[in-house]
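Asks: Under the working numbering, the first residue of the sequence shown carries the number 1, and numbering increases by one thereafter.
Incorrect hints may have been included.
Label pairs and their calculated CB-CB ranges [claimed, not checked]:
#1 Ala165 to Asp196: 49 to 55 Å
#2 Asp176 to Ser143: 47 to 53 Å
#3 Arg36 to Ala166: 17 to 23 Å
#4 Lys35 to Ser216: 22 to 28 Å
#5 Glu92 to Gly128: 20 to 26 Å
#6 Asp25 to Pro94: 44 to 50 Å
#7 Gly101 to Gly43: 46 to 52 Å
#8 Glu40 to Thr195: 21 to 27 Å
#9 Asp25 to Lys184: 17 to 23 Å
Since the hints were derived computationally from the structure, they do not count as laboratory data.
Think of the CB as a built atom: it goes at the ideal place given N, C-alpha and C, for glycine as much as any other residue.
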Amino acid sequence: MLRWLASFPRSGNSFFRVVSKNLFDHEIYSIYPEKRAPVEAIGGLDHIRQSQEIYLLKTHEAIPDQNPAVYLVRDGRDVLVSYAMYTLTSRENPDRAITPGEFQNQLKSVILSDQFGGWSGNVMSWIGRPVTTHLVRFEDLISRPEEVVADSLRAMDMRVIKKRAAKLMTFETLHDRDPHLFRKGKIGDWKDKMTDELHELFWKKHGHAMLAIGYSR
């Protein structure tokens, strides 16, 4: 049985997956050809759909269907600032020098982009579904990861038993291991990174989704 772990990129999906595996031994597979837990490793989507076992499957696509989902939301300004930085760096060179002009141009590009449905398009496509969609706020995931992930798994009808001697890997630890994927996990980083002009552009394009999930200017 298929359940989604859905989000726009840079909204906490990777951290959720780490907590799920490390604390509760629930691997969350991915529709993408990633090194870690691609869906092909267990026979692909067809296997999941036909199985009586419940699987959570990572996606960033705006592809809502009739399967229940955990949907991760984060302040869209922080999401797009983080995504702009992510696209300008790499795992091999996560700290490369980026000029302010280069960053602002990339940030404008991702604000206007329709990739993954665009940030607001992605959000609205998932939260408006008539089927179970368990909303998780990034702030709660970072501050209370064990509780939030456990509640989310239960909402997907999955058994939640904490592993013996399980140890929570903090965001800071994960950053030290992979600073490209786990960049900051900071709330409000956009305030130091987004110009007034781009802030207005962001609200013009994405303000309706911000209000829909409870974020204000």
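Asks: Run every hint past the structure and note whether it holds.
Replies: Results for each hint:
1. Ala165 to Asp196: 49 to 55 Å: Hint holds: Cβ distance 50 Å, inside 49 to 55 Å.
2. Asp176 to Ser143: 47 to 53 Å: violated (20 Å)
3. Arg36 to Ala166: 17 to 23 Å: With Cβ atoms ~18 Å apart, the hint holds.
4. Lys35 to Ser216: 22 to 28 Å: Distance hint for Lys35, Ser216 is violated at roughly 39 Å.
5. Glu92 to Gly128: 20 to 26 Å: Violated: the Cβ-Cβ distance is about 39 Å, outside 20 to 26 Å.
6. Asp25 to Pro94: 44 to 50 Å: With a Cβ separation near 29 Å, Asp25 and Pro94 fall outside 44 to 50 Å, so the hint is violated.
7. Gly101 to Gly43: 46 to 52 Å: At roughly 47 Å between Cβ atoms, Gly43 and Gly101 fall inside 46 to 52 Å, so the hint holds.
8. Glu40 to Thr195: 21 to 27 Å: Because 42 Å falls outside the window, the suggested range is violated.
9. Asp25 to Lys184: 17 to 23 Å: Given about 28 Å between the Cβ atoms, the range is violated.
Checked against the numbered hints given earlier, this structure breaks hints 2, 4, 5, 6, 8, 9; the rest are met.
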